[in-house]
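Given chain A's structure and the hints, the job is docking chain B onto it.
Chains A and B are the protein sequences, given in the same order. Residue numbers in the first sequence follow the UniProt record's numbering, run continuously in steps of one, and reach 321 at the last position. Residue numbers in the second sequence follow the UniProt record's numbering, run continuously in steps of one, and reach 321 at the last position.
These are computed hints drawn from the structure, not numbers from a lab. Be careful, since some hints might not be right.
[Stated by the list, open to error] Using 27 Å as the maximum straight-line C-alpha spacing, the simulated BS3-like pairs for lysine-lysine come out as follows:
(1) A:Lys120 / B:Lys267
(2) B:Lys267 / A:Lys211
(3) B:Lys3 / A:Lys120
(4) B:Lys121 / B:Lys3
(5) B:Lys159 / B:Lys211
(6) B:Lys3 / A:Lys3
(7) B:Lys3 / B:Lys267
(8) B:Lys211 / A:Lys267
(9) A:Lys196 / A:Lys167
(10) B:Lys159 / A:Lys3
(11) A:Lys267 / B:Lys120
(12) B:Lys169 / B:Lys159
(13) A:Lys121 / B:Lys3
(14) A:Lys211 / B:Lys159
(15) A:Lys159 / B:Lys211
[Unchecked claim] Anything over 10 Å on all C-beta distances counts as not near chain A; from chain B, calculated:
(16) Lys3
(17) Glu55
(18) Glu88
(19) Arg92
(20) Gln93
(21) Glu101
(22) Gly203
Fair warning: this is a prediction, and the values are worked out from it, not measured in the lab. Think of the CB as a built atom: it goes at the ideal place given N, C-alpha and C, for glycine as much as any other residue.
Each chain is listed here by its residues.
Protein chains: 2
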Amino acid sequence: MSKLFSLLELIRLADSLPRSVEQLIATSPSSTIGLPLLVGPNDTQIGIIRPSILEHISQYGTVFQIGPTAVRLNPDLDTPQARTDAVEAVLRQLQTVDDPELVCLKGWRNERYDVHGDRKKEEGILMELERAAAGVLGVRSYGCHMNGYQRDPQTGEMKMWIARRSKTKQTYPGMLDNLVGGGLAAGVDPLSNIIKECWEEAGLDGAMVAKNIVNVGAVTFYLVNEERGWIPTTEYVYDLDVGNSFMPKAVDGEVQGFQLLNVDELKEHLYSGEFTPEAGLVVIDFLIRHGFVTAMNEPDYIDILSGMHRELVSPGPQYGL
Amino acid sequence: MSKLFSLLELIRLADSLPRSVEQLIATSPSSTIGLPLLVGPNDTQIGIIRPSILEHISQYGTVFQIGPTAVRLNPDLDTPQARTDAVEAVLRQLQTVDDPELVCLKGWRNERYDVHGDRKKEEGILMELERAAAGVLGVRSYGCHMNGYQRDPQTGEMKMWIARRSKTKQTYPGMLDNLVGGGLAAGVDPLSNIIKECWEEAGLDGAMVAKNIVNVGAVTFYLVNEERGWIPTTEYVYDLDVGNSFMPKAVDGEVQGFQLLNVDELKEHLYSGEFTPEAGLVVIDFLIRHGFVTAMNEPDYIDILSGMHRELVSPGPQYGL
Numbered sequence: 001m002s003k004l005f006s007l008l009e010l011i012r013l014a015d016s017l018p019r020s021v022e023q024l025i026a027t028s029p030s031s032t033i034g035l036p037l038l039v040g041p042n043d044t045q046i047g048i049i050r051p052s053i054l055e056h057i058s059q060y061g062t063v064f065q066i067g068p069t070a071v072r073l074n075p076d077l078d079t080p081q082a083r084t085d086a087v088e089a090v091l092r093q094l095q096t097v098d099d100p101e102l103v104c105l106k107g108w109r110n111e112r113y114d115v116h117g118d119r120k121k122e123e124g125i126l127m128e129l130e131r132a133a134a135g136v137l138g139v140r141s142y143g144c145h146m147n148g149y150q151r152d153p154q155t156g157e158m159k160m161w162i163a164r165r166s167k168t169k170q171t172y173p174g175m176l177d178n179l180v181g182g183g184l185a186a187g188v189d190p191l192s193n194i195i196k197e198c199w200e201e202a203g204l205d206g207a208m209v210a211k212n213i214v215n216v217g218a219v220t221f222y223l224v225n226e227e228r229g230w231i232p233t234t235e236y237v238y239d240l241d242v243g244n245s246f247m248p249k250a251v252d253g254e255v256q257g258f259q260l261l262n263v264d265e266l267k268e269h270l271y272s273g274e275f276t277p278e279a280g281l282v283v284i285d286f287l288i289r290h291g292f293v294t295a296m297n298e299p300d301y302i303d304i305l306s307g308m309h310r311e312l313v314s315p316g317p318q319y320g321l
Numbered sequence: 001m002s003k004l005f006s007l008l009e010l011i012r013l014a015d016s017l018p019r020s021v022e023q024l025i026a027t028s029p030s031s032t033i034g035l036p037l038l039v040g041p042n043d044t045q046i047g048i049i050r051p052s053i054l055e056h057i058s059q060y061g062t063v064f065q066i067g068p069t070a071v072r073l074n075p076d077l078d079t080p081q082a083r084t085d086a087v088e089a090v091l092r093q094l095q096t097v098d099d100p101e102l103v104c105l106k107g108w109r110n111e112r113y114d115v116h117g118d119r120k121k122e123e124g125i126l127m128e129l130e131r132a133a134a135g136v137l138g139v140r141s142y143g144c145h146m147n148g149y150q151r152d153p154q155t156g157e158m159k160m161w162i163a164r165r166s167k168t169k170q171t172y173p174g175m176l177d178n179l180v181g182g183g184l185a186a187g188v189d190p191l192s193n194i195i196k197e198c199w200e201e202a203g204l205d206g207a208m209v210a211k212n213i214v215n216v217g218a219v220t221f222y223l224v225n226e227e228r229g230w231i232p233t234t235e236y237v238y239d240l241d242v243g244n245s246f247m248p249k250a251v252d253g254e255v256q257g258f259q260l261l262n263v264d265e266l267k268e269h270l271y272s273g274e275f276t277p278e279a280g281l282v283v284i285d286f287l288i289r290h291g292f293v294t295a296m297n298e299p300d301y302i303d304i305l306s307g308m309h310r311e312l313v314s315p316g317p318q319y320g321l
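Next comes chain A alone, as it looks inside the complex (with noise of 0.2 Å):
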């Protein structure tokens, strides 16, 4: 096999701002390097304003105010719903401004992230942002993956689905995707979601699916891109086996069509930097879970499993309470 990259190159190109930088912004904020975005009566940390972006959002001071050491939500929008319509007004404007570094408000999708406080100052959801938008204020996305896979009843052999995404996908078009996934909507939690996208995305029954599907972790890494900007990112990871006479049918446009891959042309297709940060991340972890990448045969083994289980500074949700 020819390889392009390392898988722990893989979760370096996912995982991609460096600590350094994040710690930096940890201890010694400056508006040179990057400021932490507080929210709320206890200045709970939710994002982390860049010096590209302090720029634009400098404009407006009745909605984020600026301090050496931190940016503040005003104080003055003290619920939810006035959080998020003064932020997203101003992203709104934001979208019409020509720069690079706003480039994925273009993506404007209508639909929201939840933005959690601290759980142990009873903080709730502090707010709901347009999910194009996380990587202009560098707040937490979240999403669901979904491994769906088969095992030949003779050889005992596991192969994967695996989606090619759409060439008019706004994000990673052409690029290679797990069967089922995508982001978790404000207000709605992952087994909801997965189940709901198990349907939409691959005709999976929804009944068949809350039977099988296993949540088996998830993985979180801090995204830094071009085209989306800084995003902390948590995946929570399904595993279903969809059985031997499951056949996927592309539904809605979004994906060109499927392949159903053994062990050794997932790799392949990951050394050629084919999937998704995200889905590479989630093959990654199914690999390993399941025992074909090890300890024996993967010399990073160590360092890819604590780089696709970053710490994230902000809080994040909790169901289960």
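Quick look at chain B alone, frame taken from chain A:
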């Protein structure tokens, strides 16, 4: 169930060096916070010298050269053997010193860990270090743990074999442990190690184990513990379906006995804090990978996953090259 500890609290008890302390030592090392321990021509960091240890090693200037921002092993010690011997001689002296910070040296094992260099600089093994001394110098320690489980052929219910450590074990007497587990001695690879331990600790046949055992990941954490010192720890994790007829036998007096526990019982023993830190994390990792602890029933799901895959600063081992 009564809960003395949440799962996240167990993670924090194992991964107990605050990241802020590690950051401070990285960015502003000093004799009052801690100093990196550097070895070899490239000043590769292999450990941390905390203030209480600095005092003791300062008397051995021909081995440890203490500077304002780092402790260096004397560069005249320019072979792995020379380093191993010189450091061991100092530690043997410190064994006789009456200071609780050095108590871990009382458990001298005459077994060593490899201390790994930087692969990019082709350093190989920089030296070896007595296992009981890793916690004195903050040097990485390694082990392998195996989840030995079975599934009820009728109901499919998963149960796991758990060992209770002998009351006379030097570390964690009387606590619960995985069916098989042990330190990774210098020169041994994880797979050979776990196969050997499976035979020695549970009487599991080597050929059967080699065929069926699955390397499913690793957990990494930075343990700070009164008895054991400061230990950046890596445990390679294995799963083995031991089948329904298997009965473990305590062979070497290191174990009082074994119990076969279902998921609720495993959780109960976790919540009551009965597992060793290492085994606790390995069992939590198992419960997550197999879908028993999920995003929907565990509020700290994401923090647990990142907490048990901590990035460790010093270079680690690399197999499969």
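*Straight-line Cα separation of Lys3 (chain B) and Lys3 (chain A) no greater than 27 Å?*
violated, 49 Å
*Far enough from chain A: is every CB of that chain over 10 Å from the CB of Gln93 (chain B)?*
At about 33 Å from chain A, Gln93 (chain B) clears the 10 Å cut-off, so the statement holds.
*asked:* Holds or violated: Lys159 (chain B) and Lys3 (chain A), Cα atoms, limit 27 Å.
replied: Status violated; Cα separation ~41 Å.
*asked:* So if I understand the rule, the pair passes when the alpha-carbon distance is 27 Å or less; does Lys120 (chain A) with Lys267 (chain B) pass?
replied: holds, 23 Å
_Minimum Cβ-Cβ distance from Glu101 (chain B) to chain A exceeds 10 Å_ = holds, 28 Å
*Are the Cα atoms of Lys121 (chain A) and Lys3 (chain B) separated by 27 Å or less?*
holds, 21 Å
*asked:* With the threshold set at 27 Å, check whether the alpha-carbon distance from Lys159 (chain A) to Lys211 (chain B) stays at or below it.
replied: holds, 20 Å
*Assertion that Lys3 (chain B) lies outside the chain A interface [Cβ separation over 10 Å]*: holds, 13 Å
*Decide if the proposed pair is consistent with the structure: Lys267 (chain B) and Lys211 (chain A), CA atoms, cutoff 27 Å inclusive.*
Holds: Lys267 (chain B) and Lys211 (chain A) sit about 22 Å apart, inside 27 Å.
*Given the hint that Lys211 (chain A) pairs with Lys159 (chain B), test it: the Cα-Cα distance must not exceed 27 Å.*
holds, 20 Å
*Within 27 Å, alpha carbon to alpha carbon, are Lys159 (chain B) and Lys211 (chain B)?*
Since the Cα atoms of Lys159 (chain B) and Lys211 (chain B) sit roughly 21 Å apart, the hinted pair holds (cutoff 27 Å).
*Reported absence of Gly203 (chain B) from the contact zone with chain A (all CB gaps over 10 Å)*: The assertion about Gly203 (chain B) holds, with a minimum of 23 Å to chain A.
Hint compliance for this structure: hints 4, 6, 10 are broken, all remaining hints hold.
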